[in-house]
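Chemist: What follows is the residue order along each chain.
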Amino acid sequence: MSVPKLPGAKALGVLQTLPRISLANLRPEPGSKKEDRRRGRGQHGGNRSGRGHKGERQRGNRPRLGFEGGQTPFYLVIPKYGFNEGHSRRPQYQPLSLRRLQYLIDLGRVDTTQPIDLTQLVNGRGVTIQPLKRDYGVQLVDEGASKFSAKIHIEVQRASEGAIAAIERNGGVITTSFYDPISLGILIKPVPFFLRGQPIPKRMLPGQEMVPYYMDAENRGYMADPEKIQQARLALAQKYGYILPDISKDELYHMLSMRKDVRQIFFGLAPGWVVNMSEKKILKPTDEKLLKYYGS
Amino acid sequence: MAAPRVRQCYLFCRIAGRNVIPLQIKPNSVLSGDTINTIQTSVRFASRDSEDTQDTQVHIPVERLIVSYSRSSGPGGQHVNKVSTKAEVRFHVKTADWIQEDVRQKIFEKNQNRINKAGELLVTSELSRSQHRNLSDCVQKISAIITEASKKPCEPTEEDVAVRAARLEKRNKERLKQKKINSTIKLSRRVDFD
Chain A
0 MSVPKLPGAK ALGVLQTLPR ISLANLRPEP GSKKEDRRRG RGQHGGNRSG RGHKGERQRG
60 NRPRLGFEGG QTPFYLVIPK YGFNEGHSRR PQYQPLSLRR LQYLIDLGRV DTTQPIDLTQ
120 LVNGRGVTIQ PLKRDYGVQL VDEGASKFSA KIHIEVQRAS EGAIAAIERN GGVITTSFYD
180 PISLGILIKP VPFFLRGQPI PKRMLPGQEM VPYYMDAENR GYMADPEKIQ QARLALAQKY
240 GYILPDISKD ELYHMLSMRK DVRQIFFGLA PGWVVNMSEK KILKPTDEKL LKYYGS
Chain B
0 MAAPRVRQCY LFCRIAGRNV IPLQIKPNSV LSGDTINTIQ TSVRFASRDS EDTQDTQVHI
60 PVERLIVSYS RSSGPGGQHV NKVSTKAEVR FHVKTADWIQ EDVRQKIFEK NQNRINKAGE
120 LLVTSELSRS QHRNLSDCVQ KISAIITEAS KKPCEPTEED VAVRAARLEK RNKERLKQKK
180 INSTIKLSRR VDFD
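Protein chains in written order, with numbering that gives the first Met the number 0: chain A, 0 to 295; chain B, 0 to 193.
In short, the hints are calculated from the structure, not lab data.
Accuracy of the hints is not assured; some may be wrong.
[Unchecked claim] Chain A is faced by these chain B residues, among others (derived, beta-carbon under 8 Å): (1) Val61; (2) Glu62; (3) Asn110.
[To be verified] Negatives, chain A to chain B, calculated, CB over 12 Å: (4) Leu11; (5) Glu28; (6) Pro90; (7) Thr118; (8) Val126; (9) Asp141; (10) Phe147; (11) Arg168; (12) Arg195; (13) Leu235; (14) Lys238.
A virtual CB, placed ideally from N, CA and C, is assigned to each residue, including glycine.
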C-alpha cells in the first residue's frame, strides 16, 4: 500500500467526479415509497368503490353525528349538569411524574447540583406550560416513585403526598410555591422577558382559596412554619416506612437549603432589577419609593 | 441572605394576622432539627365516644422491620408479571422491645393468624400498583394492630354506675310488683271455707 488511505477519500473522490445533483438525478430508495390504494380503479378498488349498495351510504348523504334515526339521541337524553361549569376559571397544573423526572435526570437534561425550578424543567424540555390556558404551574405526581432515586432540591406548584415521600426518602428537599400568571410567564421564558427591558415584578401572593394550601406543612408550602415542616417530614417518614436521612450533614446542604423569598421570581435576582442581556449588566433601583415598593 | 428570610417571616406573620415583630430566625432552621427519627406522641386511649378520632401515630422503628418485595397475584398483564409490587413486612413479636410488654402479649394472642412458627408477625399488602404505596399500607396496618392491642377497657364512670344501680333496683321492684299481682290473682281464685 504505497498510497495512505485517508478516511472519506473515496467518498470525496466520488463527489468530485459525479455530476451536480438535480431533480433529474434523484430517486427514492427502492422499497421506501409504497403506492396508495386508489378507489375506483381495477377489480378490487372499482365497481362500488367501497361505498356499499344504494342508500344514504353510497350516496354520501348520511345524517349528522349523534343522530339515532329520530329517537332522542344519547347526548340530548342525558340532562345537563355543571361538570364543566367555570372550567375556564379553574387553575390547571401540568403533571410531572417521578418517572419522567428520573428520565430527565438520567439523560442530563436537568441538573441535580442546582435547585430545580420550573425554569430548569422548561429549559430541559421536561414539561410544557401554557400560562394562557389557565396553567398555574406543574404538579408532581407519584407514578414511578418506587424507581425514583435522585437527591434533588425541587420547587413545584403542587405535589402529591407519595411524591413528597419519595423525594425526601432519597435525601432531597421539595417545596410548593405559588406563581401568579404573569410571574409564571416570566419564569418559563426568562430571556424574552429580559429582552423587554422591564424591571422584574414582584411575585403576587396566592388568592384566598390557595392560601391554606401553601401555608400547610403537609404540602411543604412555601409559607408554612419551618418547625411544622420538620415534624411533617418525620411523620411522613413514619407513614411511608423509611428512615429520614439527615440533610444537615450533607455536603450539598447549602444548595438544599436555598429558598426563594415570597416575592422573588428568580434565584439571585430581586424584584425591581432590570437585566440588560446585550451589555450583560443588571440595573438596580436607587429611588426610595421604588425600593420601598419592591421591598414590601 | 438573611434579609429575604426575615421578610418571609414578616410576610408570614402578616398573612397569619399576628403582631409583626421582626424576628431573627436562624437561617435554615427547617433542616437542622433532624436529631431523632421518633415522634414523641402518646397513644390516646379511646373513650367510648371518640373511637374514630384516636391517634394512630404509634412510633415504628423502620430499621427493626424486615421488608421484602415480591410479585403480586391477580390480573394485570405484563405489569403484574414483571414488577414486584407486593410488600411484605415482618418483625419478631417477642423481641420487639419498642412495644410495651403487655401490648406485645396481646398482639401475640389476638393475631395468631398472622404469626408464623418462628414467632414473626407478617403483614402483606398488594393494594396498589406501586411498592411505595404498598409499603405505606403495611406500616399503617402494623400501627393499627398495635393501637388495637394497646386499647385498655374503659372503666365505667360514676354516672354509669349510678344509672346501672338505678336500673337494677327498678327491675327488682317491677319483678316484686308483678309477683304481688300474681299472688292476689291466685288468692282471689281460692275459695276458703270458714
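Chemist: State for each hint whether it applies.
Modeler: So, going through the hints one by one against the coordinates:
no.: 1; hint: Val61; in the structure: 5 Å, holds
no.: 2; hint: Glu62; in the structure: 6 Å, holds
no.: 3; hint: Asn110; in the structure: 19 Å, violated
no.: 4; hint: Leu11; in the structure: 50 Å, holds
no.: 5; hint: Glu28; in the structure: 35 Å, holds
no.: 6; hint: Pro90; in the structure: 19 Å, holds
no.: 7; hint: Thr118; in the structure: 18 Å, holds
no.: 8; hint: Val126; in the structure: 22 Å, holds
no.: 9; hint: Asp141; in the structure: 7 Å, violated
no.: 10; hint: Phe147; in the structure: 9 Å, violated
no.: 11; hint: Arg168; in the structure: 9 Å, violated
no.: 12; hint: Arg195; in the structure: 25 Å, holds
no.: 13; hint: Leu235; in the structure: 9 Å, violated
no.: 14; hint: Lys238; in the structure: 6 Å, violated
Of the numbered hints listed earlier, those contradicted by the structure are 3, 9, 10, 11, 13, 14.
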